[in-house]
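Peer 1: Spelled out, the chains give:
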Amino acid sequence: MSIKGKAYIMGAYEHPTRDAPDKSTPQLHAECAKGALADAGLTKDDIDGYFCAGDAPGFGAMSMVDYMGLKNVRHMDSTETGGSSYLLHVGHAAQAIAAGKCTVALITLAGRPRQNKFFPGGGGRPGQLTDGPPEAGFENIYGGSTHNTYGMCAMRHMYEYGTTSEQLAWIKVAASHHAQYNEHAFLKDVVTVEQVVNSRMISDPLHLLDCCVVTDGGGALIVTSPEVARSLKRPLVKVIGAGEAPKGPRGGKDLDLTHSGALWSGPIAFEEAGVTPQDMKYASIYDSFTITVLMQLEDLGFCKKGEGGKFVSDGNLISGVGKLPFNTDGGGLCNNHPTNRGGITKVIEAVRQLRGEAHPKVQVPNCDLALAHGTGGSLGTRHGAGTVIMEREA
Amino acid sequence: MSDVQDKPAEGRKIPAPAVTIESKPFWDAAEQGKFLIKRCNACNEPHWYPRALCPFCFSDDTVWEESPGEGVIYTYSTMHRSPTGPYAIGYVTLNEGPAVLTNFVDCDLSKLAIGQKVKVKFQATEGGPPVPVFSPV
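From first to last, the protein sequence lines are chains E and P. Position 351, counted from 1, in the first sequence is what the numbering used here calls 534; the numbers after and before it change by one each time, with no gaps. Position 23, counted from 1, in the second sequence is what the numbering used here calls 28; the numbers after and before it change by one each time, with no gaps.
Since the hints were made in silico from the structure, they are not lab data. The C-beta atom is built at its ideal place from N, Cα and C for all residues, glycine as well. There's no promise every hint is true.
[Stated by the list, open to error] Derived SDA-like pairs: lysine to any residue, alpha-carbon spacing no greater than 25 angstroms straight-line: (1) P:124 x E:343; (2) P:124 x E:205; (3) E:217 x E:185; (4) E:464 x E:364; (5) E:187 x P:141; (6) E:506 x E:552; (7) E:254 x E:421; (8) P:29 x E:455; (9) E:421 x E:527; (10) E:436 x E:506; (11) E:187 x E:205; (12) P:126 x P:26; (13) E:436 x P:18; (14) E:254 x P:66; (15) P:18 x P:29; (16) P:39 x E:326; (17) E:300 x E:205; (18) E:300 x P:141; (19) P:29 x E:323; (20) P:29 x E:311; (21) P:29 x E:200; (22) E:206 x P:69; (23) E:488 x P:98; (24) E:254 x E:204; (25) P:39 x E:205; (26) E:436 x P:17; (27) E:206 x E:343; (28) E:488 x E:342; (29) E:189 x E:455.
[As the list claims (entries may be wrong)] Where chain P lies over chain E, by a calculated footprint (3+ residues, C-beta under 8 angstroms): (30) 239-252; (31) 408-419; (32) 436-445.
Use the sequences and the hints to build the structure in full.
Peer 2: Set out below in structure tokens:
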């Protein structure tokens with residue numbers, strides 16, 4: 184597939200300002216977006232792809248998508264190569280459009296180097312103005328961490344659906360059953376529901392054993408063309424679907440912390456792959472905390488919203504026992520969460536399963552379809568969700 | 006919950022908020038004890054955190070509006086792993102509609118509950134303007 188003839192540049196806008204003491208950098212990005220949309224004759228709800236580089240404040244595309252209230256984004260790219268970034272973005276946008284990943288891509292650049300008295304980070308400077316992520320002043324002051332922002336999600340999930348700490352504990356129990364066979368796992372001991380709920384409270388309602396491990400380390404993946412793949416002497420693990428989505432508080436309207444971006448990224452990936460959640464033989468599910476797994480299981484369609492607690496406490500996540508063996512390496516909860524980013528280990532264990540190279544005690548028989556899903560950022564504020572579906576080719 | 010704590014959250018020092026040219030009017034009002042939100046003149050929707058462009062309709066005709074700062078707790082979590090003692094973070098759903106991330110202070114943290122009525126107050130920071138926090142009413 185080539186991009187040739189597959190994409191058109193239909194909106195272009197250069198901000199008239201050359202000196203902007205009275206506007207923030209996020210505001211300039213948004214005004215540029217608005218100008219380009221007007222030029223194209225589109226509205227912001229038409230945008231389903233967003234591209235930005237290092238000049239956009241915040242965490243990749245997360246802050247700007249939320250600031251602008253872009254609610255239909257299903258493709259994001261924050262490739263950073265300095266001043267040339269936006270040329271790469273045009274190429275990447277054309278690839279994404281050619282591949283059907285988005286239809287209207289927005290690329291923005293903005294900044295205020297003349298206002299160099301403003302500090303760019305998210306921290307406050309007493310008596311001085313800053314120019315960082317737009318939400319920073321209203322959020323970074325409240326002592327939010329992963330523990331308590333995910334705790335807020337668990338608290339609301341319990342309130343709305345009657346989910347219990349014992350049910351959440353089953354997720355850790357399942358991970359520990361798998362980790363006992365992984366010689367490299369950071370935590371190898373099998374734990375019980377009682378041990379989880381009696382471990383010390385970190386941030387209500389999450390206990391110490393509801394939290395993932397903190398580990399050094401890393402991982403890498405090689406993705407190739409079909410031709411290269413067939414020339415190599417390894418089992419063929421084919422990517423058949425992928426979906427992505429941002430989620431944030433979006434202006435605070437109708438806040439719902441009981442679901443994640445998986446609600447949108449999952450269906451995109453399943454549709455592309457032409458399979459359903461019930462077809463999956465194995466799933467790697469991001470497990471920064473037990474609640475992360477529960478919400479994503481529901482959002483991905485492995486069970487109904489609100490029924491995740493029952494699904495996991497029936498033992499469904501344990502390999503050889505349940506309907507959906509998950510994180511057979513022990514996951515982030517027991518095995519590894521290198522540099523506080525667990526996404527790559529999710530793909531790695533799914534590849535092991537599809538190759539038949541997982542530990543024999545946890546290997547899913549004839550594992551030919553698998554899903555890996557991750558959530559980055561915070562479920563309690565703004566995050567990006569990614570779903571990948573893979574198939575073993577005979 | 007086990008390990009309930011009932012000490013208030015005064016132990017944690019709140020850093021100075023990052024004030025931008027866009028958010029400065031909010032913080033200037035906070036110095037006067039006033040809690041402002043933004044509303045869009047084009048679509049009439051209020052939003053939080055305050056922006057120059059409406060996150061719903063993208064109009065740049067957004068205006069500051071003083072809010073009584075009353076609402077209910079949408080969710081919360083009390084952080085116990087803190088060298089200065091436990092503190093509670095959460096969201097308040099304002100009566101105007103938007104949800105606001107905040108801390109809950111001056112109360113028995115073990116008695117916090119979703120749906121509880123709360124009202125805004127301002128808490129001093131380390132050298133910056135005071136920040137909005139909420140207490141049960």
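Peer 1: So if I understand the rule, the pair passes when the alpha-carbon distance is 25 angstroms or less; does residue 217 (chain E) with residue 185 (chain E) pass?
Peer 2: Violated, because 30 angstroms separates the two Cα atoms, which is more than 25 angstroms.
Peer 1: Does the structure keep residue 39 (chain P) and residue 205 (chain E) at a Cα separation of 25 angstroms or less?
Peer 2: holds, 22 angstroms
Peer 1: What's the verdict on residue 436 (chain E) and residue 18 (chain P), does the C-alpha distance respect the 25 angstroms limit or exceed it?
Peer 2: violated, 30 angstroms
Peer 1: Hint check: residue 436 (chain E) vs residue 506 (chain E), CA-CA at most 25 angstroms. Holds or violated?
Peer 2: violated, 37 angstroms
Peer 1: Just to be careful, I want the Cα atoms of residue 29 (chain P) and residue 455 (chain E) compared with a cutoff of 25 angstroms; is the pair within it?
Peer 2: violated, 46 angstroms
Peer 1: Under the criterion that the straight-line Cα-Cα distance not exceed 25 angstroms, is the pair residue 464 (chain E), residue 364 (chain E) satisfied?
Peer 2: holds, 20 angstroms
Peer 1: Regarding the pair residue 254 (chain E) and residue 204 (chain E), is the alpha-carbon distance no greater than 25 angstroms?
Peer 2: Violated, at about 29 angstroms.
Peer 1: Within 25 angstroms, alpha carbon to alpha carbon, are residue 189 (chain E) and residue 455 (chain E)?
Peer 2: The given pair, whose Cα atoms are some 19 angstroms apart, holds under the 25 angstroms limit.
Peer 1: Sort out whether residue 98 (chain P) lies within 25 angstroms of residue 488 (chain E), counting only the CA atoms.
Peer 2: Holds, at about 22 angstroms.
Peer 1: Regarding the pair residue 187 (chain E) and residue 141 (chain P), is the alpha-carbon distance no greater than 25 angstroms?
Peer 2: Between residue 187 (chain E) and residue 141 (chain P) the Cα gap is close to 61 angstroms, so the pair fails against 25 angstroms, i.e. violated.
Peer 1: Against the 25 angstroms threshold, does the CA-CA distance of residue 421 (chain E) and residue 527 (chain E) hold or violate the hint?
Peer 2: holds, 16 angstroms
Peer 1: With the threshold set at 25 angstroms, check whether the alpha-carbon distance from residue 206 (chain E) to residue 343 (chain E) stays at or below it.
Peer 2: Violated - the C-alpha atoms of residue 343 (chain E) and residue 206 (chain E) are around 41 angstroms apart, more than 25 angstroms.
When held up to the earlier numbered hints, the structure conflicts with 2, 3, 5, 7, 8, 10, 11, 13, 18, 24, 26, 27, 31 and fits the remainder.
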